[in-house]
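There are 2 protein chains.
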Amino acid sequence: MARFFISASNMFGGIAYLTSAERDHIKVLRLRQGETFTVCDGSGNDYTCRLDKTEEGDLCGRIIKTEPSVGEPTVNVAVFAALAKGDKNETVIQKCVELGAREINIFPSARCVSRINGQAAAAKKTERWQKISLEAAKQSGRGIIPQVRYIEDFNIAVAMAANAELPLFLYENEDKLSIHDAIMDKKDAKSISVFTGPEGGFDESEVKLAVEKGMLSVTLGPRILRCETAPMCAVTAAMLLTGNL
Amino acid sequence: MARFFISASNMFGGIAYLTSAERDHIKVLRLRQGETFTVCDGSGNDYTCRLDKTEEGDLCGRIIKTEPSVGEPTVNVAVFAALAKGDKNETVIQKCVELGAREINIFPSARCVSRINGQAAAAKKTERWQKISLEAAKQSGRGIIPQVRYIEDFNIAVAMAANAELPLFLYENEDKLSIHDAIMDKKDAKSISVFTGPEGGFDESEVKLAVEKGMLSVTLGPRILRCETAPMCAVTAAMLLTGNL
Numbered sequence: 440m441a442r443f444f445i446s447a448s449n450m451f452g453g454i455a456y457l458t459s460a461e462r463d464h465i466k467v468l469r470l471r472q473g474e475t476f477t478v479c480d481g482s483g484n485d486y487t488c489r490l491d492k493t494e495e496g497d498l499c500g501r502i503i504k505t506e507p508s509v510g511e512p513t514v515n516v517a518v519f520a521a522l523a524k525g526d527k528n529e530t531v532i533q534k535c536v537e538l539g540a541r542e543i544n545i546f547p548s549a550r551c552v553s554r555i556n557g558q559a560a561a562a563k564k565t566e567r568w569q570k571i572s573l574e575a576a577k578q579s580g581r582g583i584i585p586q587v588r589y590i591e592d593f594n595i596a597v598a599m600a601a602n603a604e605l606p607l608f609l610y611e612n613e614d615k616l617s618i619h620d621a622i623m624d625k626k627d628a629k630s631i632s633v634f635t636g637p638e639g640g641f642d643e644s645e646v647k648l649a650v651e652k653g654m655l656s657v658t659l660g661p662r663i664l665r666c667e668t669a670p671m672c673a674v675t676a677a678m679l680l681t682g683n684l
Numbered sequence: 440m441a442r443f444f445i446s447a448s449n450m451f452g453g454i455a456y457l458t459s460a461e462r463d464h465i466k467v468l469r470l471r472q473g474e475t476f477t478v479c480d481g482s483g484n485d486y487t488c489r490l491d492k493t494e495e496g497d498l499c500g501r502i503i504k505t506e507p508s509v510g511e512p513t514v515n516v517a518v519f520a521a522l523a524k525g526d527k528n529e530t531v532i533q534k535c536v537e538l539g540a541r542e543i544n545i546f547p548s549a550r551c552v553s554r555i556n557g558q559a560a561a562a563k564k565t566e567r568w569q570k571i572s573l574e575a576a577k578q579s580g581r582g583i584i585p586q587v588r589y590i591e592d593f594n595i596a597v598a599m600a601a602n603a604e605l606p607l608f609l610y611e612n613e614d615k616l617s618i619h620d621a622i623m624d625k626k627d628a629k630s631i632s633v634f635t636g637p638e639g640g641f642d643e644s645e646v647k648l649a650v651e652k653g654m655l656s657v658t659l660g661p662r663i664l665r666c667e668t669a670p671m672c673a674v675t676a677a678m679l680l681t682g683n684l
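First to last, the sequence lines map onto chains U and V.
The C-terminal residue of the first sequence carries number 684 in our numbering, and the numbering is unbroken.
The C-terminal residue of the second sequence carries number 684 in our numbering, and the numbering is unbroken.
Bear in mind the hints are in silico, worked out from the structure with no lab data behind them.
Because identical chains share one entry, a pair is satisfied inside a single copy or across any pair of copies.
Derived DSSO-like pairs (lysine-lysine); straight-line CA-CA distance at most 27 Å:
{"hint": "1", "residue 1": "Lys524", "residue 2": "Lys647"}
{"hint": "2", "residue 1": "Lys524", "residue 2": "Lys466"}
{"hint": "3", "residue 1": "Lys504", "residue 2": "Lys577"}
{"hint": "4", "residue 1": "Lys615", "residue 2": "Lys577"}
Please model the complete structure; the sequences and the hints are all you need to start from.
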């Protein structure tokens, strides 16, 4: 069913009022009056609506059912992925939103090949990333639009990630603790962070810092995953082992 | 460490003989005489070699250690992914090889938007796909080069997939059996197949056929995954729950 995110303030009196962009989108989808679509308030509530017209003759949705969004997992998974070349961060954002991540944070790391110079460039990138998150949230049936942030400082990214109940640092040279065992040891964690490196991997000083700040260094197995594959794999593991897949 | 796949017949007398393409690649990597690299025979054996020259003055590898490839999982996971638009099948192949799949099969399905017309086109596609598999196998440290096939007939794809000890049919309308529970119920399976649909999902007749042939219809959770995300997610689940991640 077609899905739109609409601010709760645009729903009242049993009607979901649509912006002109949304009305245009509904025309593109060739939805006809009487047909149903889903509106989500971005706070985890879904509204099934029947397409109708307002007194002014504009397309709107008549709310016929309200329920919690089924697409929201019971665990908050925050992704922290190092800045990468080309469109890899975009792939990570799209896939991790589909898989159920709560937020995605991109940060610079010592061996990053790619750089973002200045606040204006960061703002532009973030705007584009946020759009990708929105599209993925609509397509996959999420109840929220996961926030995407660019964190300029590696140390701040570590401090934020370390805040999770189960903070996982995905390190290719780790050979003792598997992500499976780390999650199974703390299956009831309400928040999990997954922290992944750039193309060239983490610098040793970065690993040291993360472990000092309380993160658990874990492995994704004996195969070397590309930098954009590791976050998807880690989010899948977190969802699967906490009963959300 | 740099990694090459070399036919076992090119290794004898403690020396790995390199083709001119491989010698060129070694020059590009700026490997110097005395430095080490890994050669894999594609049958699960790794050879650590020291760069040297043959009597004829060509670059070769002097084998200093032989061991089973660490990159091979204990379970054979066969991916069956429906033909998809653009470069989605390529993404699936690259990611599933990294994640440890044994083989990848692409097949046409009723609601496929994309088509491959004729044997020549299929052969050309398969050749390209196989190259992607090789590159991903080298990069991720696999001990084999997973085979990629194009199966022209949906029924044959189902018959092949149904042969696995645990044949999983990923169906978005399934709401009872999760992939987690299906795998946990048969954790010792030596072979698992994961069968995923095209952009428009499977046709009901296809689901019926697959179940008749003995496949288990399973869900990947309440979020709708894109057609290229589902195989990666399913392979991750299979590896994670069989102790291979």
